[in-house]
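Asker: Listed below are the residues making up each chain.
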Amino acid sequence: MPVIETAVLSKYYGETRALDGVSMTVEPGEAFGFLGPNGAGKTTLIRVLTDLLHPSSGSATVFGLDTRAESAAIRARLGNLPGDYAYDPRLTGREIVSFFAELRGLSGLGRAPQLAERFEADLDRRLGELSRGNRQKIGLIQAAFHDPELLLLDEPTASLDPLMQEEFLAFVAEQRDRGVTVFFSSHELDEIERACDRVAIVREGSLVAVEDVAEVTSRSFKHVRLEFAEPVDPDEFRRIQGVSDLEQAGARITFKAAGDLDAVVKAAAAHTVSDIELTRPTLEEVVLTYYGRAGRR
Amino acid sequence: MSFAASPPAARRSAAAAPPPRLASLRALLRRGLRDDRYVPLIWGGALGVFSFLIIFTWPSIEDSVGELVRSYPEGLKQAFGIEQLDTVEAYFDAEMLSLIVPLAVAFLAVRTVARAIPGAEEEAWLDTLLTTPLSRASLVAGAFLVTAALTALVLALTAALTLIAGLLSGTDPAAAVIGRGLANVWPLAMFFAGLATLLAGRLHSASAVTAIASGVLVAMYLIDVVGKVSDSFEPLRWASAFKYYGSAVRDGIDPVAFIGLTLAAAALAALGALLLERRDIVA
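Each protein sequence line maps, in turn, to chains A and B. The first sequence begins at 1 in this note's numbering and counts up by one. The second sequence begins at 1 in this note's numbering and counts up by one.
A hint or two may mislead.
As the list claims (entries may be wrong) - So the derived label-pair ranges between C-beta atoms look like this:
#1 A:Arg126 to B:Ser207: 39 to 47 Å
#2 B:Leu274 to A:Gly14: 19 to 27 Å
#3 B:Leu271 to A:Asp190: 24 to 32 Å
#4 A:Gly242 to B:Ser207: 56 to 64 Å
#5 B:Ala267 to A:Glu70: 21 to 29 Å
#6 B:Ile42 to A:Asp190: 48 to 56 Å
#7 B:Ala17 to A:Ser57: 57 to 65 Å
#8 B:Arg26 to A:Pro113: 57 to 65 Å
#9 B:Ala211 to A:Arg90: 22 to 30 Å
#10 A:Ser131 to B:Leu271: 37 to 45 Å
#11 A:Pro28 to B:Gly215: 47 to 55 Å
#12 A:Gly242 to B:Ala17: 49 to 57 Å
What the hints assert, rightly or not - One-sided excerpt, in silico: chain A residues whose CB lies under 8 Å from chain B:
#13 Phe228
#14 Asp275
#15 Ile276
As the list claims (entries may be wrong) - Partial pick of chain A residues on the chain B-facing surface, computed with a CB cut under 10 Å:
#16 Pro2
#17 Asp20
#18 Met24
#19 Tyr85
#20 Leu91
#21 Thr92
#22 Glu95
#23 Gly139
Because the hints were derived from the structure by calculation, they are not lab data. Just so it is clear, the structure is predicted and the values come from calculations on it, not from any experiment. Here a beta-carbon is modelled for each residue, glycine too, at the ideal position from N, C-alpha and C.
Assemble the whole structure, with the sequences as input and the hints as a guide.
Answerer: Here it is as structure tokens:
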């Protein structure tokens, strides 16, 4: 039985379409990425799954339970981390976790102390005294202290520093390895690539594709910029399989390279290279390149 | 540090179920009272000090106040339920319980509910709170119980300071009479807490809930006052909660009105919970 299943799920705010006929499943123990630009409907889906929002049409189940009729039973088994964690700024992290433990019918702080140590979070300072990143750490602890079966993470790393982002992604991988199902919403392809097994790509409320992450990344391309000591023949690179959109300006050539870069590196090595720059495409570029402006491939 | 050695969560928590509703309510009540622990001191302290001054000044004005009341227009006396201010209890009733205490405590009740539901929604705290197994009905019940406790504590502190003033000034107001006068404010305040809960079931803004509920509070007060002096407005008084408030100092607590207002408050809150259940939570 899938952990999450949506069937033609739609959510409208008046005339505005936030989710449009989304159908997908998330299997037990998988880390599932939900990738899309800001405003694509990622947060809306998580809010529907947690029953904060009610679907306009269609249905959603979590653990086989209906998100409308059996919401409390679902929420007892999940942990949710919003993108910008907020709670009463007068409370310390410890007070928050203790209160939420009571609401979950648990005694003690569960694994909150270990999580706090791992993420270097201060449980004894008031939330209002913490930076956004440190508040987010408290949010993470509050989402995971009770060792839930399902973790819903809505752009969780947005306010974390790079080191903490690394630690967080490692944590997600560990949870997946332990059998926890992770639903990871992000607009960063790189993050999804590192944390997830499968990915759903969403744009303007519609599901564009659901694929294995490895498949998406293997098809993904890089922007390549090569600076040579003197101008070179661009056709040497244009001939390489996977190279497209090549442009030359003096001793500099730029192009997109899909797949293996070995041939590009070997071709460049035949000349004197003064600089190389490889950059990943933005999410919007990936979606537009592989899934078309209209959405579906 | 790694958690990889622990057994899979799926196996351990497969039977996780929402905690009993009573446990959630207890947690909400404890948290709410702790978070608002200064409210009874601030509101009860302010009203108590005011009451203290009223009682304390009674001996010095006792003789002249009878004369003053006799000079009041009949309509004014009728409107504010002033008969004879010949006792310290009657003076306390006229000065504190006919206007200041009921309006202040009812406003506190409205404000407490507005902060706990739409206020928390605006701050995105409900996004966090309602992704635990807490039901929206429990959230409403918790806010209502916290309000009930806070208003009761404010009234109790006011009563205590009033009686201390009586002891210090030698006026010795009857504790039972002062107590029943202040206790009678509680169902009235809870009625407006119920109204605020009903509004919170539809509205996403704490300011809107506070403004509308406070507006109704003032309007009901005015309807009652005007209805007392004007025969043409008298039939409208049934629609004002203040009609059922009366004067417990003079007449004792009317159990029907006391229970009726309390039940009306609970019914409004229940309706608010139903509406909240049906609407989206927006941050």
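Asker: If a hint holds in the structure, say so; if it does not, say that too.
Answerer: The hints, checked one at a time:
1. Our hint of 39 to 47 Å for Arg126 (chain A) and Ser207 (chain B) is violated, since their Cβ atoms are close to 25 Å apart.
2. For the hinted restraint 19 to 27 Å between Leu274 (chain B) and Gly14 (chain A), the CB-CB distance of approximately 23 Å keeps it satisfied.
3. Judged by the Cβ atoms, the range 24 to 32 Å given for Leu271 (chain B) and Asp190 (chain A) is violated: they are separated by roughly 50 Å.
4. Distance hint for Gly242 (chain A) and Ser207 (chain B): a CB-CB separation of about 58 Å, consistent with the stated range 56 to 64 Å.
5. The given range of 21 to 29 Å is respected by Ala267 (chain B) and Glu70 (chain A), whose C-beta atoms sit roughly 27 Å from each other.
6. One distance hint, 48 to 56 Å for the beta-carbon pair Ile42 (chain B) and Asp190 (chain A), holds here, with the actual separation near 51 Å.
7. At roughly 30 Å, the beta carbons of Ala17 (chain B) and Ser57 (chain A) sit outside the given window of 57 to 65 Å.
8. A C-beta distance of roughly 24 Å is found between Arg26 (chain B) and Pro113 (chain A), which places it outside the suggested range of 57 to 65 Å.
9. Distance hint check: the CB atoms of Ala211 (chain B) and Arg90 (chain A) are about 25 Å apart, consistent with the given range 22 to 30 Å.
10. Checked against the given bound of 37 to 45 Å, the beta carbons of Ser131 (chain A) and Leu271 (chain B), roughly 42 Å apart, stay inside it.
11. Our hint of 47 to 55 Å for Pro28 (chain A) and Gly215 (chain B) holds, since their Cβ atoms are close to 53 Å apart.
12. For the hinted restraint 49 to 57 Å between Gly242 (chain A) and Ala17 (chain B), the CB-CB distance of approximately 53 Å keeps it satisfied.
13. A cut of 8 Å between beta carbons decides the hint on Phe228 (chain A): the least distance to chain B is about 47 Å, and the hint is violated.
14. With a least beta-carbon distance of about 40 Å to chain B, the hint placing Asp275 (chain A) at the interface is violated under the 8 Å criterion.
15. A least Cβ separation of about 37 Å between Ile276 (chain A) and chain B goes past the 8 Å threshold, and the interface hint is therefore violated.
16. For the restraint placing Pro2 (chain A) at the interface with chain B, the shortest Cβ-Cβ distance is roughly 13 Å, beyond the 10 Å limit, so the hint is violated.
17. With 10 Å as the threshold, the beta carbon of Asp20 (chain A) stays out of range of chain B, its nearest partner Cβ sitting at about 17 Å, so the hint is violated.
18. Violation of the interface hint for Met24 (chain A) is found here, the shortest Cβ-Cβ separation to chain B being roughly 20 Å, above the 10 Å cut-off.
19. Interface restraint check for Tyr85 (chain A): the shortest CB-CB distance to chain B comes to about 7 Å, inside 10 Å, so the restraint holds.
20. Checking Leu91 (chain A) against chain B by beta carbon gives a least distance of about 8 Å; that is within 10 Å, so the hint holds.
21. Contact between Thr92 (chain A) and chain B, as hinted, is not supported at the beta carbon level, the nearest pair being about 12 Å apart and thus beyond 10 Å.
22. Because the smallest distance between the Cβ of Glu95 (chain A) and any Cβ of chain B comes to about 8 Å, under 10 Å, the interface hint for this residue holds.
23. About 8 Å separates the beta-carbon of Gly139 (chain A) from the nearest beta-carbon of chain B, less than 10 Å, and the hint is met.
Taken one by one, the earlier hints fail for this structure at numbers 1, 3, 7, 8, 13, 14, 15, 16, 17, 18 and 21, listed in ascending order.
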